[in-house]
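There are 2 protein chains.
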Amino acid sequence: MNNFVWHSPCKIFFGAYTQADIAAECSQYGKKVLIVYGSERIKSNGLFDNVAKQFVTAGIEYLQLGGVLPNPRLSTVHEGVAICKKEKVDFILAIGGGSVIDTAKAIAVGAKYSGDVWDFYMNKGKITETLPIGCILTLAATGSECNGNSVISNWDSKMKRAVGTPLLLPKFSILDPALTATVPRDHTVYGMVDIMAHVFEQYFSPTKSTYLVDRMSEAVMKTVVAIGPKLLTKLDDYGYRAEILWSGTQALNLSLSCGKDTDFASHDIEHEVSAIYDIPHGGGLAIIFPNWMKYVYKTDINKFYNFAVNVWCIDPKGKSDDTVALEGIEATRAFFTSLGAPSTLAHYKIGGDKIDEMAEKCTMFGPVGGFKKLEKQDVAAILKMCL
Amino acid sequence: MNNFVWHSPCKIFFGAYTQADIAAECSQYGKKVLIVYGSERIKSNGLFDNVAKQFVTAGIEYLQLGGVLPNPRLSTVHEGVAICKKEKVDFILAIGGGSVIDTAKAIAVGAKYSGDVWDFYMNKGKITETLPIGCILTLAATGSECNGNSVISNWDSKMKRAVGTPLLLPKFSILDPALTATVPRDHTVYGMVDIMAHVFEQYFSPTKSTYLVDRMSEAVMKTVVAIGPKLLTKLDDYGYRAEILWSGTQALNLSLSCGKDTDFASHDIEHEVSAIYDIPHGGGLAIIFPNWMKYVYKTDINKFYNFAVNVWCIDPKGKSDDTVALEGIEATRAFFTSLGAPSTLAHYKIGGDKIDEMAEKCTMFGPVGGFKKLEKQDVAAILKMCL
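Protein chains in written order, with the numbering used here: chain A, 7 to 393; chain B, 7 to 393.
No lab work stands behind these hints: they were computed from the structure.
Accuracy of the hints is not assured; some may be wrong.
Since the list gives no way to pick one copy over another, a pair counts as held whenever it fits inside one copy or between any two copies.
Stated by the list, open to error - Capping the alpha-carbon separation at 27 Å, the derived lysine-lysine pairs in DSSO-like fashion look like this:
#	residue 1	residue 2
1	K94	K130
2	K17	K214
3	K309	K240
4	K214	K304
5	K214	K236
6	K177	K17
7	K214	K240
8	K236	K323
9	K379	K130
10	K17	K132
11	K118	K17
12	K37	K118
13	K130	K177
All figures in this text were calculated on a predicted structure; none of them were measured in a lab.
With these hints in hand, go ahead and build the complete structure from the sequences.
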């Protein structure tokens with residue numbers, strides 16, 4: 007086990023109607039709030055009005071920036087930064103899923119920076135100051151509600167890049183399972199794939215002696231495996247939504263990487279695909295991850311053996327370790343397929359013509375991954391397996 | 007799942023030599039520190055000197071209060087409160103196990119209170135202000151390093167009582183597995199029993215639909231079951247100590263009670279035993295818990311069935327649910343016995359003569375427990391099973 011620092015001061019309000027006291031939370035941090043959101047759904051379902059009314063009553067002034075899209079755009083971030091600087095906004099409230107929260111985080115950085123916020127996403131300089139942010143989460147997926155990560159797409163350069171700093175940890179996040187109950191089936195599936203992917207990326211670690219954290223990772227995976235299919239039969243079930251929502255937070259609040267090196271190569275590879283083709287992130291991950299697994303599993307067959315037995319209940323009797331490991335990988339693929347997630351890039355009509363470009367960009371700052379370090383040719387090989 | 011608030015801003019430094027920067031942490035909160043500790047072991051092994059030297063270099067003045075005993079005494083708390091008030095101490099550093107941390111917490115409350123701090127332990131009034139505290143943990147057991155609980159014994163009234171408030175959450179805790187490597191075998195065992203007990207008390211909940219948190223609870227239990235016996239064969243093994251240390255924190259940082267009602271009746275009952283007989287807390291729990299389980303399991307056989315199958319790998323084939331549940335309880339007893347923990351109060355030469363007094367005091371503020379509410383006669387019945 008590696009040394010680690012665990013510090014997660016984000017305050018989580020979990021449960022029904024937990025957005026009822028949001029003005030009290032926000033007023034601890036600011037008096038002029040920029041509300042960032044995605045679709046207009048939060049206006050038609052009364053959520054925006056509920057928040058706005060609370061703000062008016064509490065004497066909190068608010069501005070708004072809607073229209074955040076999946077694979078959120080740098081251009082939207084720039085809009086938000088301009089508003090914050092012009093209007094002297096002192097707090098940002100994200101109402102939405104990971105794309106909205108990641109946009110809010112990028113705006114929070116840009117509002118306190120004289121240059122272009124994209125600098126930080128291109129590894130130029132270190133974030134030293136941000137506006138505080140809070141979240142009302144409406145989609146279980148990215149874990150962005152309880153970590154300091156932000157992923158933004160720059161459509162000019164066709165780049166999708168991440169930053170991560172404790173400064174971007176939300177002050178609070180409101181997680182009401184009922185607010186996720188109207189997420190359509192496909193995005194519910196993409197969210198669950200994303201959650202599983204986050205756990206994989208911490209579970210498949212080169213670090214030895216991580217028994218407890220591995221078991222906790224398996225707990226999250228087993229929950230998605232057990233509850234996910236039930237949720238798809240009853241999308242508005244509060245209890246199932248609650249399990250998946252809390253799984254999403256646990257999957258990437260970084261508790262599952264305590265003491266471990268991680269391997270986010272599959273996310274890195276997927277970012278290159280969606281930076282060019284604008285496909286749903288969870289869809290891309292469902293395609294890439296089982297192929298990544300097949301490409302790397304021999305690095306530590308024992309880990310994949312445990313994965314197969316503990317998560318997928320593969321019976322190892324009379325089988326070689328290699329067979330058991332491969333059956334676990336096949337079970338992963340079969341699970342994603344059973345949820346309705348795609349398994350090939352062909353599903354999105356993506357061919358092999360840009361594989362070299364994607365592999366090149368993916369490794370522009372050096373090899374990716376930690377379980378197995380992947381050079382450009384490795385990334386290209388995995389992408390070819392995905393066609 | 008119930009609504010819940012999860013907020014755990016304690017900063018954990020986990021790993022080898024993580025005490026090396028303690029002055030930097032302490033200086034964020036105060037310039038005059040009371041160091042609270044137990045045995046003189048921390049002076050002979052260099053830990054105290056290491057901290058003291060850092061304080062001198064950083065210009066932090068320090069005072070010290072040693073001699074905290076297991077089942078920590080209110081009299082020691084009073085000593086500490088007097089020092090803090092007289093010397094205008096602004097930060098308390100606990101170096102030790104749960105007893106030391108709980109004493110430091112009680113002193114932190116008393117230092118900001120004009121009356122007797124015991125008032126709060128007797129449910130008189132609400133804690134509204136405390137000194138900040140930090141910890142260097144030297145024993146894996148209570149989880150006090152990452153929660154706001156404190157348990158103190160009053161030897162005048164033979165009462166052992168708890169308080170809990172987020173105000174008492176340590177600002178930081180330093181968890182170096184190497185500092186726990188010299189804990190003797192018996193206290194290592196008591197610590198592991200305490201850890202298991204904490205998980206039981208959150209796992210056996212009356213709340214339904216708690217799938218993920220139940221699996222995470224099982225992850226902690228499985229770790230103690232798998233690693234505990236190995237640790238006892240090699241008490242100074244860093245990796246094993248690390249697993250048990252992190253298990254202790256996870257077991258009672260309250261993440262395992264997110265969305266659940268809990269049942270701390272066994273702790274309540276044990277407190278009455280050790281308040282009179284001053285037995286080791288973990289020893290008392292090892293005796294009481296399997297009997298509590300036998301007394302209550304029919305309240306929710308399904309829960310005990312899952313416990314048996316998921317934690318103890320009991321094969322349920324061809325057995326009634328009742329049999330499987332009872333086999334899980336027997337496995338719990340057998341595990342504690344295999345570690346060398348006691349199974350009857352007779353082990354401590356405790357007879358039945360004070361059972362009525364203990365049951366009376368245990369339920370003085372009403373029935374205890376949540377999985378099954380226990381009245382005085384229930385507590386007495388469980389204690390009789392323990393003889």
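* Taking the numbered hints from earlier one at a time, note which ones the structure violates and give those numbers from smallest to largest. => Nothing - there is no hint that the structure violates, so all of them hold.
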